[in-house]
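K.L.:
Okay, here's what each chain looks like letter by letter:
Protein chains: 2
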Amino acid sequence: MIGERRAIEIIRGRLSKMKDAPIPFGDDVSAFSISKNELVVLKTDMLVRETDVPPGMSCYQAARKAIVMNVSDFAAKGVKPTAALVALGLPRELTIKEVEDIGAGLNDGAREYGAYVLGGDTGEARDLIISVSLSGTAKKDRVMLRSGAKPGDLVAVTGTFGKTVAGLELLCGGFKSPLSIREVLVDSVLTPHARLKEGLALSQTGAVTAAIDSSDGLAWSLHEIASASNVGFLLDELPIAKEVQKFAEINAVDPVGLTLYGGEEYELVLTLKPTHVEQAERAVEKVGGKLSVIGRVAAQKKAVLKTGDIRRVIEPRGYEHFKEIQNVGHDFSN
Amino acid sequence: MIGERRAIEIIRGRLSKMKDAPIPFGDDVSAFSISKNELVVLKTDMLVRETDVPPGMSCYQAARKAIVMNVSDFAAKGVKPTAALVALGLPRELTIKEVEDIGAGLNDGAREYGAYVLGGDTGEARDLIISVSLSGTAKKDRVMLRSGAKPGDLVAVTGTFGKTVAGLELLCGGFKSPLSIREVLVDSVLTPHARLKEGLALSQTGAVTAAIDSSDGLAWSLHEIASASNVGFLLDELPIAKEVQKFAEINAVDPVGLTLYGGEEYELVLTLKPTHVEQAERAVEKVGGKLSVIGRVAAQKKAVLKTGDIRRVIEPRGYEHFKEIQNVGHDFSN
Numbered sequence: 000m001i002g003e004r005r006a007i008e009i010i011r012g013r014l015s016k017m018k019d020a021p022i023p024f025g026d027d028v029s030a031f032s033i034s035k036n037e038l039v040v041l042k043t044d045m046l047v048r049e050t051d052v053p054p055g056m057s058c059y060q061a062a063r064k065a066i067v068m069n070v071s072d073f074a075a076k077g078v079k080p081t082a083a084l085v086a087l088g089l090p091r092e093l094t095i096k097e098v099e100d101i102g103a104g105l106n107d108g109a110r111e112y113g114a115y116v117l118g119g120d121t122g123e124a125r126d127l128i129i130s131v132s133l134s135g136t137a138k139k140d141r142v143m144l145r146s147g148a149k150p151g152d153l154v155a156v157t158g159t160f161g162k163t164v165a166g167l168e169l170l171c172g173g174f175k176s177p178l179s180i181r182e183v184l185v186d187s188v189l190t191p192h193a194r195l196k197e198g199l200a201l202s203q204t205g206a207v208t209a210a211i212d213s214s215d216g217l218a219w220s221l222h223e224i225a226s227a228s229n230v231g232f233l234l235d236e237l238p239i240a241k242e243v244q245k246f247a248e249i250n251a252v253d254p255v256g257l258t259l260y261g262g263e264e265y266e267l268v269l270t271l272k273p274t275h276v277e278q279a280e281r282a283v284e285k286v287g288g289k290l291s292v293i294g295r296v297a298a299q300k301k302a303v304l305k306t307g308d309i310r311r312v313i314e315p316r317g318y319e320h321f322k323e324i325q326n327v328g329h330d331f332s333n
Numbered sequence: 000m001i002g003e004r005r006a007i008e009i010i011r012g013r014l015s016k017m018k019d020a021p022i023p024f025g026d027d028v029s030a031f032s033i034s035k036n037e038l039v040v041l042k043t044d045m046l047v048r049e050t051d052v053p054p055g056m057s058c059y060q061a062a063r064k065a066i067v068m069n070v071s072d073f074a075a076k077g078v079k080p081t082a083a084l085v086a087l088g089l090p091r092e093l094t095i096k097e098v099e100d101i102g103a104g105l106n107d108g109a110r111e112y113g114a115y116v117l118g119g120d121t122g123e124a125r126d127l128i129i130s131v132s133l134s135g136t137a138k139k140d141r142v143m144l145r146s147g148a149k150p151g152d153l154v155a156v157t158g159t160f161g162k163t164v165a166g167l168e169l170l171c172g173g174f175k176s177p178l179s180i181r182e183v184l185v186d187s188v189l190t191p192h193a194r195l196k197e198g199l200a201l202s203q204t205g206a207v208t209a210a211i212d213s214s215d216g217l218a219w220s221l222h223e224i225a226s227a228s229n230v231g232f233l234l235d236e237l238p239i240a241k242e243v244q245k246f247a248e249i250n251a252v253d254p255v256g257l258t259l260y261g262g263e264e265y266e267l268v269l270t271l272k273p274t275h276v277e278q279a280e281r282a283v284e285k286v287g288g289k290l291s292v293i294g295r296v297a298a299q300k301k302a303v304l305k306t307g308d309i310r311r312v313i314e315p316r317g318y319e320h321f322k323e324i325q326n327v328g329h330d331f332s333n
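Protein chains in written order, with numbering that gives the first Met the number 0: chain F, 0 to 333; chain V, 0 to 333.
This is chain F alone, in the form it adopts within the complex (with noise of 0.2 Å):
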């Protein structure tokens, strides 16, 4: 089998460029420019229930992460979703409830959001597919992009991580935790939010030099925002849940591994101007979020994470266990 990323690498390679494409190859969404300083700002983003969707996902929990997904990408860059479309393949065996749901679910996604279902595409397929294209408008000076982190920036995160990991190893078994704590990792994974708020409020400070999602993992995210800017980090915090921390210590396992290599989980990892942290952390407070700085870029191109005396090299990949059985999807954004 082909991997995706190089899947990815032979599509682009035979894409046509479009001279001045206001968001470069390679980011979180796509753009074209309808004015001077106006874009209107494409995702797609593709949901398959049997990569995609671990065991005691609803199809109603499925439907609106498909959509979350997609804005959560809209939220790292700073754009307000407006529409969403999104092509469906449902298989034979779908009860009306599912159908229903499924509905429900789309729609309450995007609702949650702002934006609208407008339309779509059902055909037959033989595993449920719900494949979902967001689109909004935006002002292009206003877009974070992946590609601005400069030595010196700041390194910060919206949340915790981790949650999403361990969340997945219990709801596929073989793990366990306290009831205390079983429901929120849980929920991390089943009822997925965006970071919409956050985004828009930090897009308008002008203090974020680069922006991404965490949909593949704090490691991950570290590792394209680093090649896209062309700079490394170094990271003094570890942004781990408090409920991660206990499940590790139940199970005996990394937690430090648990909170870099996760995957489906939709906080934001952005860098900033020195000179603007204080505003950004008041911008993500007003909207009832809360900015945690977790480290610096360096110049030096890898990222280590040094807590104490121990430095720990991050390595660029996602959570392996779960890849096994679950399909992170990749973009080939041009």
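The reader is advised that the hints may include incorrect statements.
When chains are identical, the list treats them as one kind, so a pair holds in a single copy or across two.
What the hints assert, rightly or not - When the alpha-carbon atoms are kept at most 20 Å apart in a straight line, the in silico EDC-like pairs for lysine to aspartate or glutamate are as follows: (1) 35 to 19; (2) 241 to 49; (3) 139 to 37; (4) 138 to 37; (5) 96 to 3; (6) 16 to 111; (7) 18 to 107; (8) 79 to 37; (9) 79 to 19; (10) 16 to 107; (11) 96 to 8; (12) 245 to 107; (13) 16 to 99; (14) 300 to 248; (15) 149 to 19; (16) 138 to 19; (17) 301 to 248; (18) 16 to 284; (19) 175 to 126; (20) 18 to 99; (21) 245 to 49; (22) 96 to 126; (23) 18 to 111; (24) 196 to 107; (25) 175 to 248.
Rather than coming from a laboratory, the hints here were simulated on the basis of the structure.
Just so you know, these numbers come straight off a predicted model, no measurement behind them.
Given the coordinates of chain F, work out where chain V should sit on it, guided by the hints.
P.N.:
Chain V only, in chain F's frame:
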């Protein structure tokens, strides 16, 4: 199994309606307003190999067709496509050559109509899935809807019908044809073309009162306009392709059925103000096409073909045999 049209109804029933949506529920494309008279126009349609790709169609052709079938809806509305995004589900057994061909087919399909593939997403899937979303901008008052046909308007089409059904029958086996017409018929399936130039030219004339593409066949297209415009049709010409006439003779099948009840063909079906017919014809000729008047809009809500003394009711259905092996997707545009 729930029928596709029923599935769409169910999903539609769960969707909140955008206030002042500029294009009504159920038309070929969706849109949102960006200024008083300017729209962002959107369409998504998914191709699934098992149900939508006939024997003999290559990966290149399938990818190209996935773009063209979306462009055809833009053509029917008179909207220029600017950007395509593609969500791909790739089965494990796909070769590098096949992935290259998919990239090339996507690009060629888009460039042929002036659009660019700006990005997308890939993931693993059991079957090859090519989900395309197309976008562009348009003047609201130039978009040709399904809903404006009035009794007395003339019905016109941009080409001849029946070739794709004959071509599909040839590809699926069991029918015969001389080589002289085989290529035309099979090519209509493998390398479809959207009538974009014609649609764009027509939208500028102000002559068109309703429009749709014929992707579900001529009969179905007429019934869609009839239902959206609350009218009926009386056809006095059958736009049968000469190759289809020959195919029907050789194989002793009904040429009228082949012409009316087709599918996967991308002509435009239009209704025209009787005062503006010549203007519309000239506009289409100017871009190298040909418009043929085949009947008129009737007040009585049924569709009838009257050739000589024979009256035949045009049923609201597409290609039946092909439906068993091939799935015609349906819109739930909002």
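K.L.:
Hint by hint, note whether the structure agrees.
P.N.:
Here is how each hint holds up against the structure:
no.	hint	result
1	35 to 19	within (11 Å within a copy, 27 Å between copies)
2	241 to 49	neither (31 Å within a copy, 46 Å between copies)
3	139 to 37	both (6 Å within a copy, 19 Å between copies)
4	138 to 37	both (5 Å within a copy, 17 Å between copies)
5	96 to 3	between (34 Å within a copy, 15 Å between copies)
6	16 to 111	between (34 Å within a copy, 14 Å between copies)
7	18 to 107	between (37 Å within a copy, 17 Å between copies)
8	79 to 37	both (13 Å within a copy, 19 Å between copies)
9	79 to 19	between (23 Å within a copy, 19 Å between copies)
10	16 to 107	between (36 Å within a copy, 12 Å between copies)
11	96 to 8	between (40 Å within a copy, 13 Å between copies)
12	245 to 107	neither (32 Å within a copy, 53 Å between copies)
13	16 to 99	between (40 Å within a copy, 16 Å between copies)
14	300 to 248	neither (33 Å within a copy, 72 Å between copies)
15	149 to 19	neither (24 Å within a copy, 44 Å between copies)
16	138 to 19	within (16 Å within a copy, 23 Å between copies)
17	301 to 248	neither (29 Å within a copy, 72 Å between copies)
18	16 to 284	neither (40 Å within a copy, 32 Å between copies)
19	175 to 126	neither (30 Å within a copy, 35 Å between copies)
20	18 to 99	neither (43 Å within a copy, 22 Å between copies)
21	245 to 49	neither (30 Å within a copy, 46 Å between copies)
22	96 to 126	within (17 Å within a copy, 25 Å between copies)
23	18 to 111	between (35 Å within a copy, 16 Å between copies)
24	196 to 107	within (17 Å within a copy, 39 Å between copies)
25	175 to 248	within (11 Å within a copy, 71 Å between copies)
The structure shown violates the earlier hints numbered 2, 12, 14, 15, 17, 18, 19, 20 and 21.
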